[in-house]
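Chain A is fixed; fit chains B and C onto it per the hints.
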Amino acid sequence: MFERHKVTLLAALAAIFVVSRFSGDIGPYYYQIILFIGINIILAVSLNLVNGYTGQFSLGHAGFMSVGAYAAATFTNYASVHWLGMLKPLGSFVSVSLLFGIALGLGGLAAGLAGVLVGIPSLRLKGDYLAIVTLGFGEIIKVVIENVDALGGARGLSVYAVYTNLFWVYAAATVTIYVVLNIVHSTYGRGFVMVRDDEIAAEAMGINTTKYKVLAFSLAAFFAGIAGGLYAHLTQYINPEGFNFLKSVDIVTMVILGGMGSTWGVVFAAVILTILPEWLRWLSERPFLPHWLAPLLENRMIPYSLLLILLMLLRPQGLFGRISFKRKHA
Amino acid sequence: MIEFVQQLINGLSLGAIYALIALGYTMVYGVLRFINFAHGDVFMVGAFAGLYVAPLVMRFSNGGPSWTGMFVILIFAMMICAILGIVIEKLAYRPLRNRPRLTVLITAIGVSLFLENFGQYAFGVDPQSFPDLIGDHAIDIPAWCGPFTDLTIMVSQVLVFAVTLFLLIALRFIVTKTKLGTAMRALSVNPTATSLMGVNNDVVISFTFGLGSALAGAAGILISIQQPSIDPLMGLQPGIKAFVAAVLGGIGNIPGAAMGGLLLGVIETLVVGYSDVLHIPPGYRDAVAFFLLILILLFKPTGLLGRVEREKV
Amino acid sequence: MRITFLPILLAALALGGVSGLAQDEITVGEFASMSGGSASFGQSSHNGTALAVEEINDGGGVLGKKIDLITEDDRSMSGEPSTIVHKLISQDHVIAVLGEVASSKSLEAAPICQENHIPMISPASTNAKVTQVGDYIFRVCFIDPFQGKVMAKFALSKGWTRVALLTDVKQDYSVGLADAFQAAFTAGGGTIVKDQEYSTGDKDFRAQLTSIKAAHPNAIFIPGYYAEVALIARQARQFGIKAPLLGGDGWVGESLLKVAGHSLDGCFFSNHYSQDDPSPVIQDFVKTYQAKYGTKPDSMAALGYDSAKILADAIKRAGTTDEPALRDAIAATKDFKGVTGDITLDADRNAEKAAVILTIADGGFQFVERVAP
Numbered sequence: 004m005f006e007r008h009k010v011t012l013l014a015a016l017a018a019i020f021v022v023s024r025f026s027g028d029i030g031p032y033y034y035q036i037i038l039f040i041g042i043n044i045i046l047a048v049s050l051n052l053v054n055g056y057t058g059q060f061s062l063g064h065a066g067f068m069s070v071g072a073y074a075a076a077t078f079t080n081y082a083s084v085h086w087l088g089m090l091k092p093l094g095s096f097v098s099v100s101l102l103f104g105i106a107l108g109l110g111g112l113a114a115g116l117a118g119v120l121v122g123i124p125s126l127r128l129k130g131d132y133l134a135i136v137t138l139g140f141g142e143i144i145k146v147v148i149e150n151v152d153a154l155g156g157a158r159g160l161s162v163y164a165v166y167t168n169l170f171w172v173y174a175a176a177t178v179t180i181y182v183v184l185n186i187v188h189s190t191y192g193r194g195f196v197m198v199r200d201d202e203i204a205a206e207a208m209g210i211n212t213t214k215y216k217v218l219a220f221s222l223a224a225f226f227a228g229i230a231g232g233l234y235a236h237l238t239q240y241i242n243p244e245g246f247n248f249l250k251s252v253d254i255v256t257m258v259i260l261g262g263m264g265s266t267w268g269v270v271f272a273a274v275i276l277t278i279l280p281e282w283l284r285w286l287s288e289r290p291f292l293p294h295w296l297a298p299l300l301e302n303r304m305i306p307y308s309l310l311l312i313l314l315m316l317l318r319p320q321g322l323f324g325r326i327s328f329k330r331k332h333a
Numbered sequence: 005m006i007e008f009v010q011q012l013i014n015g016l017s018l019g020a021i022y023a024l025i026a027l028g029y030t031m032v033y034g035v036l037r038f039i040n041f042a043h044g045d046v047f048m049v050g051a052f053a054g055l056y057v058a059p060l061v062m063r064f065s066n067g068g069p070s071w072t073g074m075f076v077i078l079i080f081a082m083m084i085c086a087i088l089g090i091v092i093e094k095l096a097y098r099p100l101r102n103r104p105r106l107t108v109l110i111t112a113i114g115v116s117l118f119l120e121n122f123g124q125y126a127f128g129v130d131p132q133s134f135p136d137l138i139g140d141h142a143i144d145i146p147a148w149c150g151p152f153t154d155l156t157i158m159v160s161q162v163l164v165f166a167v168t169l170f171l172l173i174a175l176r177f178i179v180t181k182t183k184l185g186t187a188m189r190a191l192s193v194n195p196t197a198t199s200l201m202g203v204n205n206d207v208v209i210s211f212t213f214g215l216g217s218a219l220a221g222a223a224g225i226l227i228s229i230q231q232p233s234i235d236p237l238m239g240l241q242p243g244i245k246a247f248v249a250a251v252l253g254g255i256g257n258i259p260g261a262a263m264g265g266l267l268l269g270v271i272e273t274l275v276v277g278y279s280d281v282l283h284i285p286p287g288y289r290d291a292v293a294f295f296l297l298i299l300i301l302l303f304k305p306t307g308l309l310g311r312v313e314r315e316k317v
Numbered sequence: 216m217r218i219t220f221l222p223i224l225l226a227a228l229a230l231g232g233v234s235g236l237a238q239d240e241i242t243v244g245e246f247a248s249m250s251g252g253s254a255s256f257g258q259s260s261h262n263g264t265a266l267a268v269e270e271i272n273d274g275g276g277v278l279g280k281k282i283d284l285i286t287e288d289d290r291s292m293s294g295e296p297s298t299i300v301h302k303l304i305s306q307d308h309v310i311a312v313l314g315e316v317a318s319s320k321s322l323e324a325a326p327i328c329q330e331n332h333i334p335m336i337s338p339a340s341t342n343a344k345v346t347q348v349g350d351y352i353f354r355v356c357f358i359d360p361f362q363g364k365v366m367a368k369f370a371l372s373k374g375w376t377r378v379a380l381l382t383d384v385k386q387d388y389s390v391g392l393a394d395a396f397q398a399a400f401t402a403g404g405g406t407i408v409k410d411q412e413y414s415t416g417d418k419d420f421r422a423q424l425t426s427i428k429a430a431h432p433n434a435i436f437i438p439g440y441y442a443e444v445a446l447i448a449r450q451a452r453q454f455g456i457k458a459p460l461l462g463g464d465g466w467v468g469e470s471l472l473k474v475a476g477h478s479l480d481g482c483f484f485s486n487h488y489s490q491d492d493p494s495p496v497i498q499d500f501v502k503t504y505q506a507k508y509g510t511k512p513d514s515m516a517a518l519g520y521d522s523a524k525i526l527a528d529a530i531k532r533a534g535t536t537d538e539p540a541l542r543d544a545i546a547a548t549k550d551f552k553g554v555t556g557d558i559t560l561d562a563d564r565n566a567e568k569a570a571v572i573l574t575i576a577d578g579g580f581q582f583v584e585r586v587a588p
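Chains A, B and C are the protein sequences, given in the same order.
This note's numbering runs 3 ahead of the 1-based position in the first sequence.
This note's numbering runs 4 ahead of the 1-based position in the second sequence.
This note's numbering runs 215 ahead of the 1-based position in the third sequence.
Treat the hints with care, as some may be off.
Restraint ranges, calculated between C-beta atoms of paired labels, are given here [claimed, not checked]:
hint, chain 1, residue 1, chain 2, residue 2, range
1, B, Ser199, A, Leu296, 35 to 45 Å
2, C, Glu538, A, Val21, 28 to 38 Å
3, A, Ala153, B, Leu308, 34 to 44 Å
4, C, Thr510, B, Ser199, 50 to 60 Å
5, B, Ile284, C, Gly578, 38 to 48 Å
6, A, Phe25, C, Glu538, 47 to 57 Å
7, C, Ser494, A, Phe96, 40 to 50 Å
8, C, Thr510, A, Gly88, 48 to 58 Å
9, B, Arg63, C, Asp550, 46 to 56 Å
10, C, Gly578, B, Leu308, 17 to 27 Å
The following residues of chain C were derived to be distant from chain B, with all beta-carbon distances above 12 Å [as the list claims (entries may be wrong)]:
hint, residue
11, Glu240
12, Asn272
13, Ser291
14, His332
15, Thr401
16, Asp410
17, Asp419
18, Ala430
19, Leu472
20, Arg532
21, Ala540
22, Asp543
23, Ala547
24, Phe551
25, Val583
No lab work stands behind these hints: they were computed from the structure.
For every residue, glycine included, the Cβ atom is placed at its ideal position computed from N, Cα and C.
This is chain A alone, in the form it adopts within the complex (with noise of 0.2 Å):
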């Protein structure tokens, strides 16, 4: 199944590597944007594979996304205090490598096992009735951390240092968009599709939805924890209210944007979404505009969310989607 692009996704790393030496030379403001978007885009990718192949709609993707960042968290904090010293030998490149790959797997196997929780009792729901129940469970989640001290509960948690830089953020990013798309074009790709079109047709056809739909949110919550580990491991902090049921809704803003079923259209919409509130953020402070615009550009929820709804008004299959959302028969 993995075998589609190989070689390509071989090139791909060593470019990122290569272009993760110079990365000293951008200005960290703009680093950290690119980071973002990195970041964005693995969210998105795993997202759409659940919202856009495989139609179910998941409303908590941010909660996912936070156990990844909390298990990793708390895993560095501990190994970097009691077994850094141990791997010095290694040097720190290795040994740091080494711990933070770690750290990651780690986040993206406890937010995979949250997936599997979440995936079980949902399957027998459809809609909006799934939409809501994902939504709960993202909001139980972040309860639960919020009352849990040893994870710093509402304080938040300080992670030990920051160890994303480009090659891991873009390294990730790319093995993701490599194993969805090889998924997505196999057998269980067409599993998935199946389960969005039709669900009582895959049945009646010897299909078990129920396999391919757990298989398609446990995936794409093991990519949104490893997300999350990376995403605490450059802010050094992170704090329930951060993964909140807004985060899941500017991650599926950009799976609708994108196309749902797209995932190179995802990537797209990632990247702009991303850059986009810096760009209002900027345009808010030029002289030019008039002063009662300012206020409205610069809370960017109020443009983001005309914009949701635009979107849904004259394109919403997005701007690559190959869903066809045509008028349901009568």
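Frame of chain A, contents of chains B and C only:
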């Protein structure tokens, strides 16, 4: 013992608030099969409408509380919200009528976010104090009730309860005994057939939205009387809780929404009030609602009073 | 559309980065929550900061230059402080950063300021960890442990040995203050008879209050913010709970007394300053603030004001905006007469200053006593 009874009263009072908001939710869903995410925010607009019109009305009562004044403000807020609801439907939901439900759901989220954030821009972010429209006070429980005299029940709590009950009955009447109501029920079963029977679907849908939004507006005023601090984000939490209540009772089922609301209110209150006995930190209160939601959807997805709908191929 | 859009976007971004550096201005960055859930605090602290900068500029500026205040909105969202502080430092080339009110946002931004050797002065973050990030991070408010001790000692001095706690579990300020109070209170012989919680944005506290009432406390400590405290007080009085309510500086807010009415009469809270303090520094501030914004300043506004004034004072003392001279000057702040008290920054870069205990009576706050550190 008294503590338990008081907590029950607290729970029923909180539940009545959820029920009031849930009525509008469930009605719109019942007819249009659509979760109006923006419902909680229409509720917020109702409260602010009341805030702005109150000084005008209270001039007639010399700035003091007056029941007539309160009803005037209530009707006014309901009208404003009804118009808002109809406008939103016409602009944002109607063009998407034949699209998959997902699309409309996302649009509803967009409308909700817009109302909240524009509200922050327009009304300011700080909470504002809502005027005391009815001279709220605790009801004097006569001495012959024994230990129950110590209970605290506010006039505003009874008001919310009474109005919820009234609206419940009125809504049921409208839906079962009037022509429009019959049209609404027909629409919920099969929109195409309904229009073939000569019903103007657009009018019925507008009416449904207007009615649901008016209910939200009423909730906005009544709840602000009981909890006199309003702000643009006040609709978020009650909106979600009311939705859970509606699903609990069976979405689309009007008495179900009321029942779901009361049940949710009581459970939430007991979980918080007896947190040390139950060993559940009261901070989990918000999670309780979602937890209940998931339980219900797992074991009885049609809700407590809902009917099972078979999906035909 | 899709092909031409992206290059234009990138070009616009690039142009945006090239902002003319005004050599005759001192650029200071500020990040605050101007929208979203914490907007009322962010806007307050921003108003205070902006007023201070205006006054400084009207008086001729600092070192002969005017201060250019660049304010960025973090929308009350995590992840934003990181981005905007990077922007302020690397794009706008600020010489110092003011912010934030919420400790969680300060904790996100502090490592960035520390790494870039840009001093950061937080007006109101009370979590002890904030200044522990590094020696470029300062704050002009006292930290939780101190404020908690102040109220605990006060309660014990009044003979209230049985106190119930009602904490806002969603705010790190509230949790920190509650923990500090509990530690000092129990160490002094008091008992916490009930520990209840609520969340920011809640409007109904009847469940918690009924549970608290059944425990018969002498007093209730509510270390939360004014929006909820006002409603809690109202509902507590409706229940016939007569015990006095105690709190912290989060109580100070324009809507507190408007919503609470008389339910807070006879209650006590700790604050940085008293609006009735006859000292001219405070009275002038209250008057000017009210004239400009139409409301009386709350504690966030007063702290925002002081943070900007202390920065300006330090620039003057240092005679330059270069590092580490400016950092050292800020660290050496001693007996600065701010509106929130006489401020000295201690070795941990926290503000050492007295707290005042205020009570509510006759529709306003009244001074009770001053507690030195």
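Results for each hint:
Roughly 43 Å separates the CB atoms of Ser199(B) and Leu296(A), a value that falls within the hinted 35 to 45 Å. For the pair Glu538(C) and Val21(A), the beta carbons lie near 34 Å from each other, so the given range of 28 to 38 Å is met. Separation of Ala153(A) from Leu308(B) is about 38 Å and conforms to the stated range, judged on CB atoms against 34 to 44 Å. Checked against the hint of 50 to 60 Å, the pair Thr510(C) and Ser199(B) passes, with Cβ atoms roughly 55 Å apart.
Taking the beta carbon of each, Ile284(B) and Gly578(C) are about 40 Å apart, inside 38 to 48 Å as hinted. Here the CB-CB span from Phe25(A) to Glu538(C) is close to 28 Å, at odds with the stated 47 to 57 Å. For Ser494(C) and Phe96(A), the Cβ-Cβ distance of about 58 Å falls outside the hinted range of 40 to 50 Å, so the restraint is violated. A beta carbon spacing of about 55 Å between Thr510(C) and Gly88(A) agrees with the range 48 to 58 Å that was offered as a hint.
Take Arg63(B) and Asp550(C): their Cβ atoms lie about 53 Å apart, and the range 46 to 56 Å holds. Taken as a hint, the range 17 to 27 Å is violated for the pair Gly578(C) and Leu308(B), whose Cβ atoms sit roughly 49 Å apart. Look at Glu240(C): its CB is around 30 Å from the nearest CB on chain B, clear of 12 Å, so calling it non-interface holds up. With a closest Cβ-Cβ approach of about 26 Å to chain B, Asn272(C) is found to remain outside the 12 Å limit, as its non-interface label requires.
Separation of Ser291(C) from chain B is inadequate, the least Cβ-Cβ distance of about 10 Å not exceeding the 12 Å criterion. With a minimum CB-CB distance of about 34 Å to chain B, His332(C) clears the 12 Å threshold, and the non-interface call stands. The claim that Thr401(C) is not at the interface with chain B holds, since no C-beta of that chain comes within 12 Å of its own (minimum 17 Å). Interface exclusion of Asp410(C) from chain B breaks down, the closest Cβ pair being 8 Å apart, not more than 12 Å.
Not every CB of chain B lies more than 12 Å from the CB of Asp419(C), the least distance being 5 Å, so the non-interface label is violated. Separation of Ala430(C) from chain B is inadequate, the least Cβ-Cβ distance of about 10 Å not exceeding the 12 Å criterion. The Cβ of Leu472(C) sits about 9 Å from the closest Cβ of chain B, inside the 12 Å cut-off, so the non-interface label is violated. Consistency note on Arg532(C): stated as away from chain B, and its beta-carbon is indeed over 12 Å from all of that chain's, at 36 Å minimum.
Taking the minimum C-beta to C-beta distance to chain B, about 38 Å, the non-interface status of Ala540(C) holds against the 12 Å cut. Look at Asp543(C): its CB is around 38 Å from the nearest CB on chain B, clear of 12 Å, so calling it non-interface holds up. The Cβ of Ala547(C) lies farther than 12 Å from every Cβ of chain B, with a closest approach of about 37 Å, so its non-interface assignment holds. Even its closest Cβ contact with chain B, about 29 Å, leaves Phe551(C) beyond 12 Å, as expected for a residue assigned away from the interface.
For Val583(C), the requirement that its beta carbon stay farther than 12 Å from each beta carbon of chain B is met, with the minimum near 25 Å.
Figure legend: structure checked against the earlier numbered hints; hints not met, in rising order: 6, 7, 10, 13, 16, 17, 18 and 19.
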